[in-house]
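Got two chains here, separate frames each, mind docking them using the hints?
Protein sequences, first through last, are from chains A and B. Here full-length UniProt numbering is used: position 210 in the first sequence is 210, and no number is missing along the way. Here full-length UniProt numbering is used: position 186 in the second sequence is 186, and no number is missing along the way.
Misleading hints may appear alongside valid ones.
[Claimed, not checked] Below, computed lysine-lysine pairings styled on BS3-like, alpha-carbon distance capped at 30 Å:
(1) K9/A / K152/A
(2) K226/A / K203/B
(3) K206/B / K55/B
(4) K177/A / K129/B
Hints were generated in silico from the structure; no laboratory data involved.
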Amino acid sequence: MSQPYMFEKPLGLRDTLPQAQKEISRLEMIFQRELQRWGYDFIKTPALEYAETIGRASAIADNRLFKFLDAEGHPVVLRPDMTTPIARIAASSLREEPLPLRLAYTADLYRSQRKEGGHPSEFEQTGAELIGDATPYADVEVISLMMSLLEKSGLASVRLAVGHVGFVNAFFYDMVKDKAIVNHLRNLLYSKNDVGFHDYVATLHVTGEVAALLNSFVDSRRMNNKETLQFLERLADTSSTPVHSYYQNITELIHLLKLDNLDAQIDLDITLVPHLSYYTGFVFQGFGGNLGFPVASGGRYDDLLAKFNRPCPATGFGIRLDRLMSAIAMPEAEREKKCAVIYDRENAGNAMRYAAEEREKGRSVVLQHAEGIDIQETFEQQFESVTYFLERTETEE
Amino acid sequence: MNESLITIAMPKGRIFGDACRLLRNAGFRLPETFETTRKLIFDLESEPFRFILAKPVDVPTYVEYGAADIGIAGKDVLLESGRDVYEMVDLGISKCHMAVAGLAKHQSRRPFLKIATKYPNIASDFYRKRGEQVDLIALNGSIELAPIVGLADAIVDIVSTGQTLKENGLVEYDRLLDVSSRLVVNPVSYRLKKGLIDRIVEKMIKATEGTKVGMD
Numbered sequence: 001m002s003q004p005y006m007f008e009k010p011l012g013l014r015d016t017l018p019q020a021q022k023e024i025s026r027l028e029m030i031f032q033r034e035l036q037r038w039g040y041d042f043i044k045t046p047a048l049e050y051a052e053t054i055g056r057a058s059a060i061a062d063n064r065l066f067k068f069l070d071a072e073g074h075p076v077v078l079r080p081d082m083t084t085p086i087a088r089i090a091a092s093s094l095r096e097e098p099l100p101l102r103l104a105y106t107a108d109l110y111r112s113q114r115k116e117g118g119h120p121s122e123f124e125q126t127g128a129e130l131i132g133d134a135t136p137y138a139d140v141e142v143i144s145l146m147m148s149l150l151e152k153s154g155l156a157s158v159r160l161a162v163g164h165v166g167f168v169n170a171f172f173y174d175m176v177k178d179k180a181i182v183n184h185l186r187n188l189l190y191s192k193n194d195v196g197f198h199d200y201v202a203t204l205h206v207t208g209e210v211a212a213l214l215n216s217f218v219d220s221r222r223m224n225n226k227e228t229l230q231f232l233e234r235l236a237d238t239s240s241t242p243v244h245s246y247y248q249n250i251t252e253l254i255h256l257l258k259l260d261n262l263d264a265q266i267d268l269d270i271t272l273v274p275h276l277s278y279y280t281g282f283v284f285q286g287f288g289g290n291l292g293f294p295v296a297s298g299g300r301y302d303d304l305l306a307k308f309n310r311p312c313p314a315t316g317f318g319i320r321l322d323r324l325m326s327a328i329a330m331p332e333a334e335r336e337k338k339c340a341v342i343y344d345r346e347n348a349g350n351a352m353r354y355a356a357e358e359r360e361k362g363r364s365v366v367l368q369h370a371e372g373i374d375i376q377e378t379f380e381q382q383f384e385s386v387t388y389f390l391e392r393t394e395t396e397e
Numbered sequence: 001m002n003e004s005l006i007t008i009a010m011p012k013g014r015i016f017g018d019a020c021r022l023l024r025n026a027g028f029r030l031p032e033t034f035e036t037t038r039k040l041i042f043d044l045e046s047e048p049f050r051f052i053l054a055k056p057v058d059v060p061t062y063v064e065y066g067a068a069d070i071g072i073a074g075k076d077v078l079l080e081s082g083r084d085v086y087e088m089v090d091l092g093i094s095k096c097h098m099a100v101a102g103l104a105k106h107q108s109r110r111p112f113l114k115i116a117t118k119y120p121n122i123a124s125d126f127y128r129k130r131g132e133q134v135d136l137i138a139l140n141g142s143i144e145l146a147p148i149v150g151l152a153d154a155i156v157d158i159v160s161t162g163q164t165l166k167e168n169g170l171v172e173y174d175r176l177l178d179v180s181s182r183l184v185v186n187p188v189s190y191r192l193k194k195g196l197i198d199r200i201v202e203k204m205i206k207a208t209e210g211t212k213v214g215m216d
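Bound-form chain B, shown alone (with noise of 0.2 Å):
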């Protein structure tokens, strides 16, 4: 392990923008084209922070197994894969909320109600917790589909604005928990750096505030 060099998993896709701005608040020079760049690793001239650009979901994975020190995730995924990661500072960044939706005159009274989810540990914890079976059905994408094809009662998954419920003719049922970007650390790294670790965590919970403040 480089002692003195820290690589940063960074989420593609959705939440990527508002790290890279949170990044910025917090001091890191990010060139400018790190937003367009195709490249998967990218290295900082000025600073010793190699950057890797990874599918959001495989973020808690690197970092579990010291491929990344440090990594940006959502609650959701971090929920989803219970992987063994210092969970550090809350970013305050892609806030949204997990939910259970379905069609709006839709209300199932079958005896196994069909759930389809990207998520479904959540999902399954959340039913298990209420004491309800249910089916679930797992899902990649455009989970919004299942119920208006009858692939599913309802599903679970995250919700931002509610624009694509609401475009799809689906109602929220339920809230299940809030989520936003959280900073993760590995534990071996966490102790093999802890210097170089604690000053970002620090800077990282100072740039927050500033958005905490901004977003309430």
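Chain A on its own, in the form it takes in the complex (with noise of 0.2 Å):
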């Protein structure tokens, strides 16, 4: 690489000016206050963890972790997510506290380095995680506590899709009964891929009626939620228990978010398949507002835990705040509500007196001496109100 310009950073990070930051904590603050008010509490874990251990669970690809040697020279990376940090407390430090446990936290997350707009390689995720708790009402908080954040933030035509890898796993396996096919059928539903799936399904040695029962499953993305229904039961008469469980998690899971007016947000969809490894259950996607990409993202993650030596199921989920920032239709950008009290030497103790009076009553106060000001027109222009305390006047404009 040649040499950066001064002013350049490393490729894919960025700066956060004023008005972003301002948008940026305005809605950290609306998350904050929610999440606490469902119970949960914040948590924060270190930045750089060991590649062995969180690096190799976090389920982000080796390639897309930021991994350098620490001054003993172990293997370390950039936390790139916050769920396997929180794991590994859960398992650990929070052994003893009874289940379930309600965590949260705004983090900045790391996955690097890629060229192209829209994919920064540091952004910031606010996200709760639910421990301990492994029935489908679990999902169910997790999923009204996402949606209620995103309603909360401003995102317009907030919606919901959710589906279930478990379902996906154990009925594709029911259908073909081989895991290396069961993982090609699963990738091609991540990669989102539908005319390879039915290519696919086409050079299997499988009867007709798997075949099409197969490409059925696939095609049932443009089903509504009655008919998705519909579809489950017939697929989960026909298998075997694990189905046939979790598709009766999934009609409650309908009939619990039904009471709780969310089912016109929620699109059903059993070909629903997210990145993250991890996920052995429901997995969901926030959508919404004006942007090309997901907003927020969970799932059920039963057998994480275990691999810090404590078995246990858990749920979650995460909002990208760089995302969910570019998805609101910001509001004519407000003007400051700042007022400056510009000030001399002879009049500094009433001033700071004003100023301080002023701030009690929740004003934003600029204390500005005179002398030190650039041009005084160009600076006086971005209050609402200028106060002077200066020998002369000593009066409000």
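So, in structure tokens, the structure goes:
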């Protein structure tokens, strides 16, 4: 690489300027308040983790990790997700706490480095994890919580797609009885390649009936929720136990989301398979506003805590603040509600008292000595009002 | 996102005529001037559809970022770009295949085969799977020139009739994959406008059934 320009930052990283930071803080505050109201406790974890533990368990592809050596020569990674560190905490420091645990976070995550726009290497995410509850009621809770956060953020037309990778795996296995084929089929769902799915099914040595079922499975994306449920019931009737119990969970989830008045915003799509490979049950993605990418995603990961020697079911989600910000139609940049107090040496005491009183009232006050101002006119233009504490005037303009 | 308008990215050039014919078969009332217009954006008057005319390799990009809800793109550009979009229907139009080709007499035994191509990702994938090491040279067009002037030992490119290869004295060594055009959909648009998009997808499936029977 050639010498970077002085103002350049490493690939994929960016500065957050005041206006964007204000919007981020607004979202953070809304999210923090709402998550606390639902009884979730915030935690923090280090940005650096060992590559052999978190790096490996995180399920983010190796080439997307920022990896280097720490001072002792251990390979470390910048955390690529928060679910894995939280699983580590739940399995160690919080081991004795009564279950279920409700934990939340806002943190910067790191995934290296892509040249293209819209895929920053560092991004902020807010999320919640509900650990120790295997019932579909826990899934309903995290889904309603995520929907509530997205609604409160001001995102327009919030929608949610829900699938169930446990059902997908079990059903495919019932059909083809071969793990390699199951993985291949699931991978085609993940890459959203319906055409490839149909082509691949045509090459399999299965009965015409099985091929037809597999094909209608991928086409079921185009059904509405009621049709999808009927379709899944039909599959479950002919299938073995896990598929059937997963189907029960799905009907229960949809029933509860209906009670929560969320059913109109939800698209039950059994073909939804997101990238994170640790998901075992329900998976979901949140959409809305004015952006081509999902703003939030989550799911159940019942096997992840076992990697830290504490087998325990868990479910949760994360909302990407960078994407949410681009998806929300920003209101007209509100004129900054700040006022200035300009003073000189003789009136410093009065000016300070005045500023302190105004700040107590909740106003944002900039206290500025007259001699420190570069160009008075442009400086004053930034403020809603300017109060002078100068030797001659001492009055408000 | 305007929830009642569907934006469709169309590939200019080779596929465009086929795609328009298929859209008409599917019931889209495209105006007669559609194929000749030089406008890049075109709104239908009778239906809530907006067409944007893009370079074929850019169609998946417009769709991935959500600037278009739907697009028509060749399997070759989809594979090469690896974009995160739903590939929902094989439209069965503009069929061709991707092949390795080179001079008829020349069978290079050099340790590092030089391959010229517009599709460096597909070509690299193909040779990696075979465990062969090759040097790729990325070009943007008239790939057939490369082996003739000695820039490369072979090329990886799409072949439809084989006429261009023949006229330039090249022969096919290997066939990589079959290519046809696909209907692709942005994942978020799909959720926000599911009803409208499902209807289009079903119309297109029906329209392609005709072309498939006709072509096989």
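Taking the hints in turn, this is what the structure says about them:
no. : hint            : in the structure
1   : K9/A / K152/A   : violated (33 Å)
2   : K226/A / K203/B : holds (22 Å)
3   : K206/B / K55/B  : holds (27 Å)
4   : K177/A / K129/B : holds (27 Å)
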